[in-house]
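Protein chains in written order, with numbering that gives the first Met the number 0: chain G, 0 to 502; chain F, 0 to 76.
Simulated from the structure, these hints should not be mistaken for lab results.
We put the beta carbon where it would ideally sit given N, CA and C, even for glycine.
Treat each hint with caution, since some may be false.
[Unchecked claim] Simulated DEER-style distance windows between Cβ atoms:
| id | chain 1 | residue 1 | chain 2 | residue 2 | range |
| --- | --- | --- | --- | --- | --- |
| 1 | G | N157 | F | R1 | 56 to 62 Å |
| 2 | G | A155 | F | W5 | 58 to 64 Å |
| 3 | G | F211 | F | W5 | 18 to 24 Å |
| 4 | G | N120 | F | F41 | 46 to 52 Å |
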Amino acid sequence: MSESFVVLMAAFLAVAAITVGGIVYGASQSRDLEGWLIHSRLMGPILVWFLLGTEIYTAFTFQGLAGFAYANGSAVFYNVALNDVAYAIGFLVLPAIWLIGKRFGYVTQADFLAGRYRSRNLGIFVALTSALIMIAYIDLNIEGLGAVVQVIGKGAFNQTGADLVGFLVLALAVLLGGIRGNAWQAVVKDILMFIAVVVIFFTIPLHYFGSFGNFYHNLATHASQYLVLPGKAKKLGPLWLITTVALTAMGQWMWPQWFGVAYTAKSPKTLKLEAIFMPFYQLVKVMMITVGFAAVLIFAGTKVNGNNVVMLLALRTFPEWFLILFTIAAVFAAIVPAGPIIMTSASLLAKNVYAALVPNTSERTVYRLTKWLVFPLTLLAFGLAAAAPALIVVVLLVAYDFISQLFPAVVIGGLFWRRATKEGATAGILVGWVVSGALLLTKHDPFLGVNAGLWGLLANVLVFVAVSLATPAVDRGYLEDFLRTAFPQPKAMAVAAEQQVEG
Amino acid sequence: MRAAIWGWLLTVFLVYFLYVGASTLWFNYVSPFILGMPPIVFWFTLVPIVAPGILALLYWYDRRVNPQWEKEGSWDV
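In isolation and in its complexed conformation, chain G is listed as follows (with noise of 0.2 Å):
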């Protein structure tokens, strides 16, 4: 029996062993609506902060950022910045939608947004709209899965036979695992990413260099342009940096997976928490990072893709019962976390598309739904792998190009901005997808330096408060008692202004 295929059917039975689990302990669970998307809204600090690091560190961390950093240079430091700088953005915003999901019985961004500006037509666009971004997560993840076939298989299958394998493991982890992700296979997963990512963030530069030092030096000395900017990617410098940090960490909280996170709190306190402690995690893309600096010498005359650099230096690197480990935490890394952002994909269209659009449809019959759309848009996912093969680091850029443009209408709009309406949110989002779409597809991004999706986000802004302002508000009274929601007062103070509303 082949090394390869020791290693590959290890991994599969693990993901298998896991997934049985998670059956038995959904089995145990809640089966209401609200029990499967958001948890009841009972999770505590420590519990939302291993099912936030399962969300937002995935294949894209085990094996994008390597690929990236081998392929980029130190741009790829832009995604050690965006989530920091997005956590502290969610420190305020995120406790002020649990508040007001809680008051008003949301689940769903689409729902926030709809019961905002009063419209449910809003709420169809985003969910429809956003369910569409998300397959761009599912994308890279097959793509990750893809890599580990591949590599693993030591070509056995090329690319695309590869995507296909990392597909159907997906989508029938997805669909036998039931309707919900939890938390605790989170924490598996997890645990395994670390132990993983910290043994190949020691191992390769003692392995190959002797030592950290000397392997900075060999770096400094034969890959200089891989530590400046702009250096190895000559289009990406300093002002790509601060335009691509500042939309993508706008852009991090509009994904509905994750705003989906601010409603499985138990409370506001909680949320806050996770801010301060969630920048802990970025040290592992670090190690990811470091990890793909290496492969540049290591690999140095070959040509390599990025996609599969971690892998490849696993292989090359471990004894075959850590393979097995380092396999298994590889498939974990795109599965655990792609079975809940498939399900809040799917849940988008069936509850607050095809529920809205159809009256009286009733919860079991958006269950059904939500299950029986899970392999389409897997298998939409993969075509766009298949299709368009990329870089997964470059498959995220482009979707928060596309995400992005969420922002206005759901912080500034959404929580502070009396003032926007739904004419004015839909005009928008709208421009901003256009002009990032437009500058994309003529290949100008970066546009004179900045993050295409930065113009198309200014485009945004304008055109949202143009219209707003051309447009009639919100009903005010009703307005008021929603953003007081978000930002109690104390009470004689809230009590002076719900008489002045009155007044």
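Given the structure of chain G, go ahead and fit chain F onto it with the hints provided.
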């Protein structure tokens, strides 16, 4: 609430500046190394360790100026 929002905005800009401003202004070169690391690697290793402290300060400030926000279901405080 106004003080809490200003404190939050200031923190967001501080974290943002540390990552993109400080790194491009003062750490965008190859050598000399800092603590045995290339400057940009050193900086992007240090800031994730410093950021929790900055956010913890914001948390402490927020609790002082905005205590009603801590309570669950606090719309009816």
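Status of each hint after checking the structure:
1. G:N157 <-> F:R1: 56 to 62 Å: Hint holds: Cβ distance 59 Å, inside 56 to 62 Å.
2. G:A155 <-> F:W5: 58 to 64 Å: 59 Å, holds
3. G:F211 <-> F:W5: 18 to 24 Å: 42 Å, violated
4. G:N120 <-> F:F41: 46 to 52 Å: With a Cβ separation near 51 Å, G:N120 and F:F41 satisfy 46 to 52 Å, so the hint holds.
Taken one by one, the earlier hints fail for this structure only at number 3.
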